[in-house]
Amino acid sequence: MTAPETKPEALIRLVGVEKKLGAQNVLRGVDLEIRKGEKMVIIGRSGGGKSVLLKHILGLMQPDAGQVWFRDKDLAQLDEEEMVPLRKETGMLFQNGALFDSLSVGENVAFPLRERGDVPEKEIESEVTRALKIVDLPGQENKWPSELSGGMRKRVALARAAISRPALMLYDEPTSGLDPVVADSINKLMVRLGDELNMTSVIVTHDMVSAREVGDRIAMLHEGRIYCVDVPKVVLESSDPIVKRFVNGISDASDAIF
Amino acid sequence: MGMVQISGQIVFLFQDVIRCLFRYRIRLGLLIRQIDFIGAKSVPVVIITGGFIGAVFAAQTEFQFKDLGLSSGVGPVVAIAMCRELGPVLCALMIAGRVGSAMAAELATMKITEQIDALRALAVYPTEYLIVPRFLGMIISMPILVGLAILCGIMSGYYVAVHILDVPGVYYWNNTVKYTHAKDIWIGLVKGFFFGLIIIMVGCNKGLHAAQGAEGVGLATTEAVVDSFIIVLIANFFFTFLLNSLLPS
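Chains as they are written, first to last, in the working numbering: chain A, 1 to 258; chain B, 1 to 249.
No lab work stands behind these hints, which were simulated from the structure alone. In this text, a Cβ means the ideal position worked out from N, Cα and C, and glycines have one as well. Treat each hint with caution, since some may be false.
Here are the simulated SDA-like pairs of lysine to any residue, each with C-alpha atoms no more than 20 Å apart in a straight line [as the list claims (entries may be wrong)]:
| hint | chain 1 | residue 1 | chain 2 | residue 2 |
| --- | --- | --- | --- | --- |
| 1 | B | LYS41 | B | ASN175 |
| 2 | A | LYS88 | B | ARG23 |
| 3 | A | LYS88 | B | ASP117 |
| 4 | A | LYS88 | B | LYS41 |
| 5 | A | LYS88 | B | VAL124 |
Far from chain B, by Cβ distances over 12 Å, these chain A residues were calculated [to be verified]:
| hint | residue |
| --- | --- |
| 6 | LYS55 |
| 7 | GLY106 |
| 8 | PRO166 |
| 9 | VAL191 |
| 10 | MET208 |
| 11 | LEU236 |
| 12 | VAL247 |
Please model the entire structure based on the sequences and the hints provided.
Laid out in structure tokens, this is it:
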């Protein structure tokens with residue numbers, strides 16, 4: 001199969017991606033193009049399939065139908081080992097950090113560099129120190145993940161994901177559970193990483209402040225499909241009732257929990 | 001989940017482990033950590049198990065043999081039973097309880113907290129990083145642990161028979177040496193190797209396929225132990241016949 005025609009700058013292209021988990025059709029034909037160097041924010045309701053979509057972009061999940069193109073490779077056609085070189089170019093911040101419990105903070109952050117095998121140990125140590133300083137956790141190398149708060153874990157995970165300066169960074173709820181000050185610093189960090197390293201970023205979030213500050217474009221996932229994609233100003237000020245309700249956090253009677 | 005499906009998962013996992021052994025370099029640091037956890041830290045449990053089983057078995061055998069005037073035959077009975085059956089089987093059951101459950105719980109927790117996905121995202125193949133060191137650690141440690149259990153059983157059997165039940169020590173020991181052969185020990189060690197293989201494959205498979213949530217971790221742990229027990233006991237029956245035909249008494 002040949003790659004579909006894409007604009008030259010497209011790094012990721014999702015074509016008709018469908019995924020069923022159990023009885024639920026989580027993705028029902030997602031079409032989305034993510035351009036090289038851009039910061040794409042994906043918003044949508046909880047349980048709407050945003051994290052599932054992110055995992056498809058990294059090949060951690062395979063679509064039931066459709067294609068996920070990373071440059072000229074269809075991830076749906078690759079096996080686990082064929083994806084290894086592509087994953088070396090990507091980083092992912094998981095929702096709860098997903099730090100390795102058996103490794104210290106320093107070892108967690110150093111992990112991607114040690115796995116590369118060609119970085120001298122002294123350089124790894126200085127990179128770890130630098131990365132932890134950037135995420136505002138200097139001197140925490142010897143702590144264990146279990147000794148950290150949720151927000152600190154997330155920042156360590158961000159340092160781990162970004163330390164190898166990947167071409168593509170995926171963020172799953174980067175600011176959830178963080179206080180506004182730390183959340184703001186994470187937002188600024190995402191912008192900085194994107195701008196200075198020309199990193200392509202895909203950010204899944206519910207945080208509209210984050211979406212506005214970080215995103216070059218915002219895509220809204222609704223009922224398993226991309227409902228709209230546009231620059232933040234257009235999406236966040238949209239008069240479309242579905243978008244408006246989500247952006248402004250307005251529920252209706254059908255959303256009542258009790 | 002059906003037995004066929006679980007068997008299939010274990011076969012695929014085993015095949016993947018073997019492939020990874022040839023495809024990737026062995027991570028020595030992780031292997032040493034696993035040998036320490038599986039082997040070194042199991043030593044006290046294995047000594048106690050082997051020692052007390054040997055002691056009890058020697059005592060019971062002596063009680064029955066005494067009336068027949070066969071007390072000096074207790075030694076070889078204890079030694080052969082420890083080598084061929086009690087040593088490997090009881091050692092395997094203890095290791096399944098201590099190590100198999102821990103493997104399943106650790107891997108299941110890693111799975112539900114997305115640590116295995118994080119490994120994959122960091123371009124590391126999970127079988128190579130997580131399973132291969134555990135697999136090697138187990139198949140290296142298990143025969144040694146079985147050997148230790150056998151040794152402790154024979155020594156404690158000697159102590160009970162000779163020092164507590166007054167069986168003549170020279171006859172006891174001479175008969176033990178005369179009727180116990182190297183092949184008896186080999187059978188125990190070979191069984192230990194395969195039981196280790198069963199425990200690690202079942203434990204790792206349960207962990208990797210655990211359902212979400214705390215219940216999934218608990219279930220994976222319990223099933224790893226119960227399934228390992230059952231498979232070890234059934235496999236032991238077939239190994240006994242197979243090894244006896246290959247290495248007859």
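How the hints compare with the structure:
| no. | hint | result |
| --- | --- | --- |
| 1 | LYS41/B - ASN175/B | 34 Å, violated |
| 2 | LYS88/A - ARG23/B | 18 Å, holds |
| 3 | LYS88/A - ASP117/B | 14 Å, holds |
| 4 | LYS88/A - LYS41/B | 36 Å, violated |
| 5 | LYS88/A - VAL124/B | 9 Å, holds |
| 6 | LYS55 | 7 Å, violated |
| 7 | GLY106 | 15 Å, holds |
| 8 | PRO166 | 10 Å, violated |
| 9 | VAL191 | 22 Å, holds |
| 10 | MET208 | 25 Å, holds |
| 11 | LEU236 | 30 Å, holds |
| 12 | VAL247 | 28 Å, holds |
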